[in-house]
Structures are given as C-alpha cells and as structure tokens.
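One line per chain: the protein sequences are C and G, in this order.
Take 1138 as the starting number for the first sequence in our numbering and just add one per residue.
Take 12 as the starting number for the second sequence in our numbering and just add one per residue.
Keep in mind that the hints were calculated from the coordinates and are not lab data.
Please note that a few of the clues may not be correct.
Simulated crosslink set (DSS-like; lysine-lysine; CA at most 30 angstroms straight-line) [said to hold, decoys possible]:
| no. | chain 1 | residue 1 | chain 2 | residue 2 |
| --- | --- | --- | --- | --- |
| 1 | G | 158 | C | 1157 |
| 2 | G | 65 | C | 1168 |
| 3 | C | 1254 | G | 258 |
| 4 | C | 1157 | G | 104 |
| 5 | C | 1259 | G | 39 |
| 6 | G | 104 | C | 1168 |
A few chain G residues that don't get close to chain C, going by computed Cβ distances all over 12 angstroms [claimed, not checked]:
| no. | residue |
| --- | --- |
| 7 | 36 |
| 8 | 106 |
| 9 | 155 |
| 10 | 171 |
| 11 | 182 |
| 12 | 210 |
| 13 | 216 |
If we take Cβ atoms under 10 angstroms as the criterion, some of the chain C residues that face chain G in the derived model are [what the hints assert, rightly or not]:
| no. | residue |
| --- | --- |
| 14 | 1249 |
| 15 | 1288 |
| 16 | 1315 |
Everything numeric in this text was worked out from a predicted model, so none of it was measured.
Note that the Cβ used here is the ideal one computed from N, Cα and C, for glycine as well.
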Amino acid sequence: MADEFPFEISPMFEGERIRKEGMHVELAGPKSKGFELVRAADMNDVEDGRFTLIGPDLSDMEEGSRYPFAMIYKIAGELVETDLESIVERRNHEFQNYIQGMMHLNQRDDVWIRVGKEAVSKGLNSFEHIAKAVMMLFKNELPFIEKVEAIYITDMSEIEKEIDNTRAVYKARDERTRGLHDEDVDTFYGCTLCASFAPTNVCVVTPDRISLCGAINWFDGRAAAKVDPEGPQFAIPKGELIDDASGEYSGVNEFAKKLSSGEYDRIKLHSFFEFPHTSCGCFEVVGFYIPEVDGIGWVDRDFAGTAPNGLQFSTMAGQTGGGKQVVGFLGIGVNYFRSPKFIQSDGGWNRVVWMPRMLKEKIFQDIPEDIRAKIATEDDAKDIESLKSFLTAKNHPILERWVEEEAEEEAEEEVPAKAQPATQRGFAAPQMMQMPANFMPSMPMMGGGSGGVRIILKNAKVTVEKITILKED
Amino acid sequence: MARIIAVTGKGGTGKTATSALLIRHLAKGNKVILAVDADPDTNLPETLGCEVSKTIGDIKEFMHSERDNLPPDTNKESVLKSKLYEIIEEMPKYDLLVMGRPEGAGCYCYVNNLLRGIMDKLVDNYDILIIDAEAGLEHFSRRIFRKVDDLIVVTDGSRRGLGTAERIRELVDEMKTDVSNIYVIANKVTETNREMIANTAKELGLQLIGMIPVDEMVIQRDLAGEPLFNLPDDSAAVMEVERIAVKLGL
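Extracted from the complex, chain C is given alone in its bound form:
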C-alpha cells in the first residue's frame, strides 16, 4: 500500500528529529503561523480522498525557507460526531510523524512541521503525498471514518482568515471538555510517581479531581495509560457507585487496598472528614480543620506565614504527607478548588473559612460569588479569635453550624451521662485558643459509620476538672 508514496510510513520514524541543516522547509511553528483542524461533516459534504491546496506547493518552496501552514480535514461517517474531532485531530500528529523525513510537533494552532531535504530528494515534492498518506492512515486506523478530505493552506492571508474560526472551534471544545464529570466516565486513573516517598499513597485522578501535585488531570492519566498501561499512570475502573455525595466507588476502594499495601481500603474522593483521599508529599495545598469554628482552612506551599491554627504549611505537610489518610488534614491540587464536587460531602465552599490572600486571589473567580467576601485571609484573621470575629461580622454560612452545635450541646447537658462537659467540645473552649505550635487538633465526633474516634495529641497540655466516660446502653 505504501508503495505509491515516495517515502516510507512507519511508527519507527516517530521520534525522528529534523535539524535545521537537514531541513528542506519549515512549516508553521514558533516563528510562523498555522493550525490543524478536524471537522465532522455530513456525508454529502465530503468528497472522499479529495485534496485541495491553497497557496504554494512543496516544489515551489526553496530549500531552507519557512511558510505558514494549515491542515483541515473534513471527516464523515455514520458514527462520526463532533465529539470525536479532537481525538482524530490528535492522530494527525502521529501519522505525519510516521512519514519518513517529516517532523510534526505540538498541536492545534501551535503545530510546527519540518520536511527533510532527504525526503524531498527522494521525490516528496507535493503536499498531496502527505495528505493522501494521512488520509489513508485515518481510514485504516479509524474505521468509523468513511470519508475524508483534506485542505492544506500555505498562504498567510488565507490562514489568517481562517484562524479565528478555528480558535472558536477549539474554545467550544474546551468548554465541552471542562463539562466532563466523574459520572460521565467509567474509568479513573491512578498514579504512582510519588510512591518512592509516599509508599501508601493512593492517588486517584478523576474528571472532578486533579492529582494532588496539580500536574496530572484525568486526560493526562488517560493519555499516559493508553501509551503505557504498566507505567506510572494507569486505569482504575471505577466500579459501583457506593455513595454519590462523598464520591465513594468500589473500584477505587479495591485499588486503595492494592496501592497502599492493605493500609487503606476506603477512599472517598470528595470527602474531608470520612476516609479522605491520602496525602502524598507533593500536594500544592493542605486543608486543615479548625475545631473552634467547625470550618476548614487551606494553606498553600507559597505561603510562608502561619495559618490561624498557629501552624505553617511545612508543619502541616510534614504531619499529613507520606501517603497517609489523616482525618482533619487534606492535601489537594489547586485546581481541585475549581471542581464542582470540591469537598461536597462536607459542605463544599460553605465550610471554607480561611486561606492566604495570594491563593484566594488566584482562584477568586472560581469561588462561589456569595461566599467570596466571607472567606478570611491573613489580612483579616491571624488567629482563632480574629477569625471568629471576622466570620461573625461577615455572616459566614458556617455560623449556622455554630447554632446547631450550641443547640446540640445544650441538649447534651441535659443528659449528663452521655456528654462531655460543654467547654471541652465546641469552639468556645478557652484552653483551645492557646494551641501550642505543634498541636495537632483532635477531631470532633464523627457521624455513624466511621468506626470510632482517633485522637492524637502531641505535646499537648490539657487541664480537665473531671471526665466521665460511660458505656452507651
């Protein structure tokens, strides 16, 4: 089949670099303009195998020259739909690299192509050869494409005419892509890049949850797992949905067990308090529970100061990192703030009370409008007392929890056999305010199903007049 072309076609040419010295012509790239675009079209609008060139052909191009370059492919078929455009478009990169003497880099309107001297001397003198080869590969490798035609442009003014439309297509696609959620896919991706320093870490990347390091989104996981399923990123079939709000899936739980060597067997993707995601060591932001206000604060790696709980990022990261599931702390990637499922089982944004100013500015547009002004920064609150005043003054939704909690406490006081002294529990406890610097806040009583309470006190000084613990009947 490849005999009709003046070049060889094989995946082995994929890594081929064409140096300036060995180059006949450079197309598009950082010093010029261009794009690649695949459009789904009606069967009647596509003339199968047709090639149109607008502008000069390869044979008109002098050695060592540079031209703008656009490639448009129209595809049609019973199964062809708009959603497939970007997947097909990505293959243009691969297929052009299969051609010996061709180098195709990057994607969309950043494409950069070089055609080698050697290829030209062997007879590659028209873009038609390239387009025909790519069209052949499209149809062979992607059988849902029944018809394909190609339009290549090497004329700057024609490219400039098309480029805005093309960018609008890219933009519309990105919006659709951003609308992809956990419930829309059946596979999540895991990553073990951190495994050397966080051996029990279970990193689960989903459309609604970026990796903790912020570097790997669901699409990156998918791309990597496809190339090398045994590599550091791999597929996790999500299995049965166990709980929607907290994001618990049977497939994730199975992988948790496997990846943590049995240390953890449950992970709830969008929960802060119950079986939260493990924290690696690379996370960009750490969340911390502030028992005094029953809210959650977040501090990022770039913030050198102390959070209202008296701790710095590094201290909290040290206690949380290493692949542990630590209730009360949670490492995340910045982009998780943009997730519609952001700690949704624990109140989402309504639970957020504090973050450093720089971080808040960075994600300002992604914070729900009604709560933006109610989240304190280091300018508003440096300690618990000022945080409480701020939240009260701004009427933060967390106040509703305070009311509930107070009511609960009152109720508890009426049944003394069951309750701790009121001053021991809530945000009002005066001795909690002078938290030593490395105090690890204990967790509040968790709702049913969490299987008990773990309290870790480090270097803590607790003064209690009387504690009564009774077995519940």
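Dock chain G against chain C, hints included.
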C-alpha cells in the same frame, strides 16, 4: 544509539573548556552532535561562542505555571517536546541544549517523567552527546540521561582535585545510572607538577587519559571572555584534546 560523554569536575578546573574543545574536535567530522550544558554555574554556550536564550529549566517552569491554563485535554508531552525543540540552539555543526536553573518549589515528578521519555527519544537522533555536567551529577541521578558511556573527570594538578575525581567515582557507584568508563583529564599542567599528577593518579587507581598544559592562548581568551571554539589548531590545549579524542576513539 548515541554515545554519551559526560565531562565533570569541581568548579574552576576547566571542564567547560575541555567540553568545548572536544566539541570543536567533533565538529570537524560528520557525526551529529548534541552539546548539553548541564551545569547552571558555567557557560558552555559562551565558551562555544553562541547565545542561548532559554533553558529546560525555563520550559519546566512554563509547564508548571501554565498547566491549568492549557486546554484540559492537551497532550502535555507533545507540548513539552515542542518547547524543548524550540530551545535547542541549532549551530552549523552541532545542536546545543542548556539544562538551566534548578527547579522551584512544588512537584516536578510529572514533568520530569515526561522529560525523561522525550530525552530518551531525542538522544537517539544524535551520534554523540557531550555533556558539561556539574559535579553533583544531578541530571544523571534524576535519570534525565539514563546512561553514560564515558565519564570524564577534569581536575587541576592538586591532590584535592584528584580527590574529587575519586569522590565522583564513589558517587557513580551509588547512582542507578549505568556508567561504562571513568577517565581523568588533568588540566593546567606544568612541567613542575606533571610527574606528581601522574603518580597521584596511579596511587588512587584513576585512569589518566590526558594532561592539558597551561595554555597562554586559553588564558587570554578566558580573560577577555572570548569563546574557545575558534582557538587555532596549534594551541597546546587544542593539540592535547585532539590526542585525548583519538584515545577515546572520537
């Protein structure tokens, strides 16, 4: 498969000059060469006489800061590869790549992992790599380069300099990188220290493959900040590096 030659040594011993002269030698032949500046403290590009505006450090920062702004389904490997190709300086007889500044805060596991894959394929496009590497050999321990065929330690005439060569040999043993040969080149050699250097090297069990004499022309150019690439053929340093290159089979 490309032959990878890494030139290392402690600061000030002349490893960048040695690298540049090895490249100068190779550029006369027909091999496809990649020169790599892997030491943020030195200046291989200037020594060769070319300008490099961007480094791998810069593109890693770019990937780090732009990752949330890229379209969600961007193939980041493809973007990184394109950015990498963009910063390769293409000289008439060789390509030049500068590793650049160290990483900032944050996690670079992912981008380094992509980079390793890209570098593996890039390296296959060359017959030979000359890497001017800092003494800690960080890019090798990070496995950005997976193997070294010849590790050349450049040292001055001092016992301390030769001691560094010994330490580097120990470091190599600890690294996972596969290093086939380790050689030592003594630089700035004078008639008075020549014999002593040879003896010390022997004592330490180091394989000494050359002694570059003090060269007035090199000193002059260093002072003036001029490149060494266009030193004349009769420069004493050039002549000795030519002899070393022959011994290395270059």
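Within 30 angstroms, alpha carbon to alpha carbon, are residue 65 of chain G and residue 1168 of chain C?
OK: residue 65 of chain G and residue 1168 of chain C at ~15 angstroms, within 30 angstroms.
Nearest-CB test (12 angstroms) between chain C and residue 171 of chain G
Holds, since 34 angstroms exceeds 12 angstroms.
Closest CB-CB distance from residue 155 of chain G to chain C, is it above 12 angstroms?
15 angstroms, holds
Grab the minimum C-beta distance from residue 1288 of chain C to chain G and call the hint holds if it beats 10 angstroms, violated otherwise.
23 angstroms, violated
Is the Cβ of residue 106 of chain G more than 12 angstroms away from each Cβ in chain C?
Nearest chain C Cβ is 6 angstroms from residue 106 of chain G, so the label is violated.
Are all C-beta atoms of chain C more than 12 angstroms from that of residue 216 of chain G?
33 angstroms, holds
Does residue 1249 of chain C meet its interface restraint, that is, does its C-beta lie within less than 10 angstroms of any C-beta in chain G?
This interface hint holds because 6 angstroms falls under the 10 angstroms limit.
Decide if the proposed pair is consistent with the structure: residue 104 of chain G and residue 1168 of chain C, CA atoms, cutoff 30 angstroms inclusive.
Distance ~22 angstroms between residue 104 of chain G and residue 1168 of chain C Cα, so the pair holds.
Since residue 36 of chain G was said not to touch the interface, does its Cβ keep a gap of more than 12 angstroms from each Cβ of chain C?
Since the minimum Cβ distance to chain C is about 19 angstroms, residue 36 of chain G lies beyond 12 angstroms and the statement holds.
Given hint residue 104 of chain G paired with residue 1157 of chain C - CA-CA distance at most 30 angstroms:
At roughly 10 angstroms apart (the allowed maximum being 30 angstroms), residue 104 of chain G and residue 1157 of chain C satisfy the hint.
Next pair to validate is residue 1254 of chain C with residue 258 of chain G; report whether the Cα-Cα distance is within 30 angstroms.
Between residue 1254 of chain C and residue 258 of chain G the Cα gap is close to 35 angstroms, so the pair fails against 30 angstroms, i.e. violated.
Least C-beta distance between residue 210 of chain G and chain C, which was stated to exceed 12 angstroms:
43 angstroms, holds
When each numbered hint is compared with the structure, violations occur for hints 3, 8 and 15.
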